[in-house]
Amino acid sequence: MGDTVNQMLLQEAQTQVASLRTDLHVARRVAEERKQALEGLVRANEGLKQQLAEANAHIGTLEGSAKELLAAQQQISALQSQLAAVQKDLDLSIRARKILEGELASERNQVRTHNSSFHTAVVVGWAKLQASNRLR
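Positions in the sequence shown are counted from 1; adding 172 to them yields my numbering.
Don't read these hints as lab results, they were simulated from the structure. Don't take each hint at face value.
Unchecked claim - Restraint-style ranges between C-beta atoms, simulated for each label pair:
#1 ILE231 with ALA268: 37 to 43 angstroms
#2 GLN186 with GLN208: 30 to 36 angstroms
#3 ILE231 with GLN208: 30 to 36 angstroms
#4 LEU196 with ILE231: 46 to 52 angstroms
#5 LEU307 with ALA268: 52 to 58 angstroms
#6 ARG306 with GLU279: 35 to 41 angstroms
#7 SER265 with SER304: 54 to 60 angstroms
#8 ALA293 with LEU255: 54 to 60 angstroms
#9 THR194 with MET173: 47 to 53 angstroms
#10 SER289 with ALA256: 45 to 51 angstroms
#11 LEU234 with THR194: 54 to 60 angstroms
#12 ARG193 with VAL214: 28 to 34 angstroms
Heads up, the beta-carbon is just placed ideally off N, CA and C, and yes, glycines get one too.
The task is simple: from the sequences and hints, build the whole structure.
Below, the structure written as structure tokens:
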């Protein structure tokens, strides 16, 4: 009877050992799968970090471009103000030139009239002088 109990205990122990080996094999397989999944996550994390670094660099470039654009807009605004002032000066100069051209034309007409009157007076004076010389 002792042998039968020992055999039963041995058989039960062997069954438990087989079950534990199966559990160990399953646990190793699950651990390997988790390790591979974790390694995949680490690689994905590294890839995301690289993308983040590239995105941050791109953001820095965009911020620099935005500052340059703002400076350019300010320069354009200043140049537009200067252009408006120059245009105003130009318009004023054109008006002044037209006024001066009108005054010059008026003075020329006066000079022509004066010259014409002077010429007439000289011709009349010359004619009188010649007439007076003929009478002598």
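For which of the previously enumerated hints does the structure constitute a violation, in increasing order of number? 1, 9
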